[in-house]
Amino acid sequence: MLRIGQQQQKLEEAKIKLEEERQQNIKEEQERLEAEIRRLGDENERRIGEEKRRMEEELRRIKEEEERKMREEKQRIEVENRKLEEELSRLRAEDEKRRNEIIKQGETAKKRIEMRQQQDLKRVASLVLKADSEDASNRTLTRSDSKGFETIQQNEEKKEEKKEVERNVKVSEF
Numbered sequence: 001m002l003r004i005g006q007q008q009q010k011l012e013e014a015k016i017k018l019e020e021e022r023q024q025n026i027k028e029e030q031e032r033l034e035a036e037i038r039r040l041g042d043e044n045e046r047r048i049g050e051e052k053r054r055m056e057e058e059l060r061r062i063k064e065e066e067e068r069k070m071r072e073e074k075q076r077i078e079v080e081n082r083k084l085e086e087e088l089s090r091l092r093a094e095d096e097k098r099r100n101e102i103i104k105q106g107e108t109a110k111k112r113i114e115m116r117q118q119q120d121l122k123r124v125a126s127l128v129l130k131a132d133s134e135d136a137s138n139r140t141l142t143r144s145d146s147k148g149f150e151t152i153q154q155n156e157e158k159k160e161e162k163k164e165v166e167r168n169v170k171v172s173e174f
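For the sequence shown, full-length UniProt numbering gives the first residue as 1, with consecutive numbering after it.
To be clear, the hints were calculated from the coordinates, so they are not data collected in a lab.
Every clue listed holds true.
Derived pair list, reagent style BS3-like, types lysine-lysine, alpha-carbon separation capped at 25 Å:
#1 159 <-> 104
#2 111 <-> 162
#3 52 <-> 63
#4 83 <-> 97
#5 63 <-> 74
#6 17 <-> 27
#7 122 <-> 158
#8 158 <-> 111
#9 110 <-> 122
#10 159 <-> 122
#11 159 <-> 110
#12 122 <-> 163
#13 158 <-> 130
#14 110 <-> 158
#15 97 <-> 111
#16 104 <-> 162
#17 104 <-> 163
#18 69 <-> 83
#19 104 <-> 158
#20 111 <-> 159
#21 163 <-> 111
I would like the entire structure built from these sequences, with the hints used as guidance.
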């Protein structure tokens, strides 16, 4: 019986030892798993950090590209605006030149009309004087008087033409 007791004691000691080993194995496996979890967590953090940096870099690159495109577009618009302003200035200068030419032509036409009127008035005056001297007592229409009458009519028509030219000049100045 002593042997059975010793065997039972050895068996109990073996059970205790097995239980201690099992507990030790569980503890080691738990530590290994915790270390693996930490390693995987660290690796995930590193990957997340790398992905975040990559995305931030891509975002920065896209932003720089958009800013560059906006600057180029702004410069293109400024160049186009300068060209349009130059064209507008050129067109305004041409319009001013044309307007001045029209005014000058109108003034020249006005002077010609005035000169013709002066000549016509002189002719009428000389015809009237001639008619008066030839036939002071008889006031019936003679051939020279009717010419003078026609000249007066022509003068009136020329005055109307002059007024029309002046109106056209004023309209073109406007």
